[in-house]
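As numbered in our numbering, residues 632 to 1558 make up the sequence shown, in order.
By construction, these hints were calculated from the structure, which means they are not laboratory data.
Careful: at least some of the hints might be erroneous.
[Stated by the list, open to error] Beta-carbon label-pair distances, calculated as ranges:
(1) E1234 / A1195: 16 to 24 Å
(2) A1207 / E1290: 44 to 52 Å
(3) R1095 / A1289: 29 to 37 Å
[To be verified] Under the rule of at most 20 Å between Cα atoms (straight-line distance), these lysine to aspartate or glutamate pairs were calculated in the DMTMM-like manner:
(4) K1173 / E1365
(5) K1168 / E1372
(6) K1173 / D1015
We put the CB at the ideal spot given by N, CA and C, even for glycine.
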Amino acid sequence: MGEVVRLLGPWSDSVEITASGGGKARGLFALEQWGVRVPEWVVLGTGVFEEFARGAGLEGALREFAALDEVEAAVARAGELRAALAAAEVPEGIRALVAQGWERLGPGAIAVRSSMSAEDGARHSFAGQFDSHLNVSGVEAVVERVRDCWTSAFSERAVRYAFAHGISRGFAPAVVLQRLIVARSSGVVFTRNPMTGADDELVISAVYGLGEGLVSGAVDADSLVLDKESGALLDITVGDKDIRFDAVDEGGCVTVEVAEELRGARVLADVEIAELAELARTIEKASGAAADIEWAIDEQGVWLLQTRPITTTATGPRSSELRGAGEQVGPDDLRIWDNSNIIESFSGITSPLTFTTAADIYGRVYRGYAASLRVPPEQLRQTDAWTPVLLGTFHGRVYYNLLHWYRMVGIAPGYPLNRRVLEAALGVAEPLSDDLAKTLRPFEFDSSAARLRSRAVTTAVYIRRLFGIDDMMEAFTAEFYRVYDEYDTLDYATLTGEDAYRAYRTVDRDLVERWGPLMVLDAILLTTTGLMFLLTKLFLPKAPEWFLYAVVGPGAEVESAEPARAMTELARTVRADAELTELINSTAPEQIHDALRAAGRTEFLAALDDYLDRYGYRSLDELKLETPDLRENPANLFIMLRSAVGRVGDTATANRSAEADAYLDEHLGHGLRRRIYERLRGKVNRCAAHRERLRFCRTRAFGMVKRMIRVMGRDLVARGVIDEFDDVFQLTVEELRGAYEGADTTRLREVVAGRKSLRAKDSTLVAPARFQTVGPRLGNVELAEQGWVPVTATEAAVPGTVLAGTPSAAGIVEGTAVIVDEPRDVAGGILIAYRTDPGWVAALPSASALVIERGSPLTHVAIVARELGVPTVVQLPDITRQLRTGMRIRVDGAAGTVTVLDDAHTPSTDADTSSTQAETVSPEGEL
């Protein structure tokens, strides 16, 4: 035998281990270098297999196999190679080498594990594709298990995996021999959540006995999610664990029933969880990458059996992108997050594109506002520290970064009064203390003289704006509609992605530049409303609370009321016609238009079309870019119409403005005080009307931008950058711009998958209206203490309800359920199994989605399903009994849910997979 045909181990050179030890040996070598405890091991390098193949006369056959470029031909040739390898005699020299390795590890049982060069790499895991054997004793048994590992390198599943990932088949297998840990518990730990991509979470799966029960999927494991930094337990799914795998004296493993009282108990004690978390942090820090670590615990404590880079984690945004405002804060810096009235604009989960677009626009607009008031250049640069972070996001919800809004109010004169009105305008339930409010300066000056000069200039400009606001609004409105009319009339059906992007950038630049100076309107409204409040207290000290809100307003003729008035007219038409009312209220919104046409209601249809022509840019959540407008989804018009019909004829709301006038007549008369009061009232009302016009322009602008983004979304799908049109909303505004400005877009699919997984997880949490954070730490533990807790729900397994399990691989699919007890072709249906093992990988390409009743997101099949992009949900108790082959279901791998659709039918007892087709659907359920 040549020099390369020898044992390798911890004593070997790292270059040699890397070159011929295979993935598992590389991981074990690294663990020992980092000072982590691992069971004794040696490795039969790739040269040992090559020597064996030469002796068997298979060198030529191996070269021919490696050169094949057609998968079926390679599978057939691999079968021939397996037969030849199994029949070949193992030379005495290699047997002696195996004996030497076994003796080095001691007289007890060992594990014999494949260690391929391509296995456990940074990109491809080959999870479960090669053989491993536990509890092997005796030289002859070890030799045969080594041969089995060599042979498994040419299994059908391994060959198909290699072809699917474009990996060379010119590999030579190595084999690790490792002292067996007779474990009382085993499992794996991921240093990044593989289902969501969250980099601040650890995920541990644990079973009783040997780890074979976990990796094979035979045991319903415990799954724990920990905060990475603190080790605090964030979530736990306690598996049933009805069996365990134990080693037996005669070799191999057997399944043993677990005692009833232990099945629902946690496998790991708190101290063991803490130790595993500390080891995981150590390994990730040492390796510089997220790791998948296999561990076992015996009477001596924790042993690490192998480590490899995580290949299948969703690539979600980092914590800094997911939470807060992306702001650099000191360890003691307080931040107050309040969603008060911003929840009206950004209700519920808001897409990354909407949030980052809004945050970007807010930052640029308010910087422009400061510049328009002639804030000195040095102080203007200081605003760059806080204007871009006026908004924050937590678990997909949008919040005011409240302290910075007080800073913004401080740019204009009259801060003490304006901040009180700001609190009322925002609907802040808890006013800021005076001591804190006084510290929130928008910028600092080198001297008092410089501060006074700047304040004098700002005040003078502000007063000019106060008296000239009407002319400013007229000029802005004229320019806005010039730009709007130009771009609203574009033919968006024929616009290219590049053209849409250029139009978007032009509109974005022009309108934001013009919007900044108009933000003085908000300051003026705060000032004049504050003065109105003081004057009311002075002239009318006993005025009721409703009066101040009724005495000011934009007036009934304001432009933004036009859509509401038009909708009210439509509602009156419906309310006056009993037949029409019944049709609108009893028909599904997406079917009403066709029903009206079938009923011959052409006059009403013409009125609806006219409304869409004039106000088609409207939507239910007008500032959320992901929400389709009425042109894109006319069914929403009928949802709005139903609401309006319900309000027609409602006399509960009195004419408060008329009541305010009557109150003034009675208590203030028509003298000098009334004239002073009405003069200020008129100014406030005009400013309120201007603000409504400005908001109406904003709504129109967002409607126009929505159309541009939809063109870009379809273009990015056509270019292969994203998979589905709706995925564009999972990008940040910077990523969207980068897609048209030459940035690397190769990983955007993974980014999108991670964010969709996180969105599903975020939707299960209660969002507090207001909370505080201190310092940069925004972890799950800290947020849970501030009120971010899970929503509880009760579900029943009937059509139309949702069955909740554990998310494993993101994606949404609707199709027909195919319940099987062995891996087979399901012809595009949704594969549903009670348990799986690595052999089920062969069935994955034929499945549109995968649902496993028992198992873990970290089993081999689940890992490979993520790599292949097959949406997967695991750990759904009794689902194989609650579903039947042929039922139509919806699988959401990110949310971890299976929904029995309303059109599910009673299936036959025998599966007919000839028509088990499935459709991939958008997150909103549209085909």
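Hint check:
Restraint check, E1234 to A1195: a C-beta distance of roughly 22 Å satisfies the suggested window 16 to 24 Å. Against the hinted window of 44 to 52 Å, the Cβ-Cβ separation of A1207 and E1290 comes to about 29 Å, which falls outside the hint. The supplied range of 29 to 37 Å is met by R1095 and A1289, whose beta-carbon atoms lie about 35 Å from each other. A distance of roughly 53 Å separates the Cα atoms of K1173 and E1365; the hinted pair therefore is violated under the 20 Å criterion.
For the hint pairing K1168 with E1372, the CA-to-CA distance comes to about 57 Å; that exceeds 20 Å, so the pair is violated. The hinted pair formed by K1173 and D1015 fails the criterion: a straight-line CA distance of about 45 Å is larger than 20 Å.
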